[in-house]
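Here the sequence shown is numbered in the working numbering, starting from 1 and rising by one per residue.
Hints in this document: simulated from the structure, not taken from any laboratory.
Quick caveat, the model's predicted, so the values are computed rather than measured.
Careful, some of the hints might be misleading.
Said to hold, decoys possible - In the DMTMM-like style, the derived pairs of lysine to aspartate or glutamate whose C-alpha atoms are separated by at most 25 Å in a straight line are:
hint, residue 1, residue 2
1, Lys149, Asp118
2, Lys136, Glu52
3, Lys177, Glu47
4, Lys165, Asp118
5, Lys136, Glu47
6, Lys42, Glu81
7, Lys89, Asp118
8, Lys177, Glu106
9, Lys149, Asp45
10, Lys126, Glu47
11, Lys165, Glu106
12, Lys165, Asp127
13, Lys126, Glu52
14, Lys177, Asp156
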Amino acid sequence: MQEGKDDSQGEGQKADVESGSQDEDAGYAVEKNDVFGEFQTKTLDGEDVDQELFGKSVLTMVNIWGTFCGPCIREMPDLGELSREYADKGFQMVGIISDVSQPEDETALEIVESTKADYTHLVIPKDANMQYRILKNAQVVPTTIFLDKNGNQIGDTYPGAKSKKQWTAIIDEMLGKVLNE
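Input sequences plus hints: build the corresponding full structure.
Next comes the structure, spelled out in structure tokens:
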């Protein structure tokens, strides 16, 4: 997996994701449960989680990052702030650590603590099929996608780091899509 470009200056472009269909219940184009499907893994803190995690909010921002990735780590303080600022608006942030498969990984814990990225972080499951399902959308890190409460992808896949201002605009747009169903 490659380290992505820092796009906080807005020079990069979004990767297009074909919208598989229109979700009749949602009223917006989504990828029908093609992102993660059913999965089981652990959080960085060692808690068991599965796809039900996405049902906790109307919108989940999934940021796939690596402990080796400078742009990933540089954007994490902003992501932590956004997670706290939008928590009461039906939004949650979830990080997926692309190069960590064990809970309590010392390096990942230090990064999360030092950047105040105090949202849920998932470790990669050991099962190869689950690894594929989780990482198939990430050609580089960081890569970010948005999911509705059913785990369906909304909008584009965003490779590369962004500024807080850029993420705020994208989150507002995505919340508008899911709240106006």
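Going down the list of hints, with the structure as the test:
1. Lys149 to Asp118: holds (21 Å)
2. Lys136 to Glu52: holds (20 Å)
3. Lys177 to Glu47: Violated, because 31 Å separates the two Cα atoms, which is more than 25 Å.
4. Lys165 to Asp118: At roughly 19 Å apart (the allowed maximum being 25 Å), Asp118 and Lys165 satisfy the hint.
5. Lys136 to Glu47: holds (23 Å)
6. Lys42 to Glu81: Answer holds: Lys42 to Glu81 is near 23 Å, not above 25 Å.
7. Lys89 to Asp118: Holds, at about 17 Å.
8. Lys177 to Glu106: violated (38 Å)
9. Lys149 to Asp45: holds (23 Å)
10. Lys126 to Glu47: holds (15 Å)
11. Lys165 to Glu106: Violated, at roughly 30 Å.
12. Lys165 to Asp127: The given pair, whose Cα atoms are some 37 Å apart, is violated under the 25 Å limit.
13. Lys126 to Glu52: holds (19 Å)
14. Lys177 to Asp156: holds (13 Å)
Checked against the numbered hints above, the structure violates hints 3, 8, 11 and 12; every other hint is satisfied.
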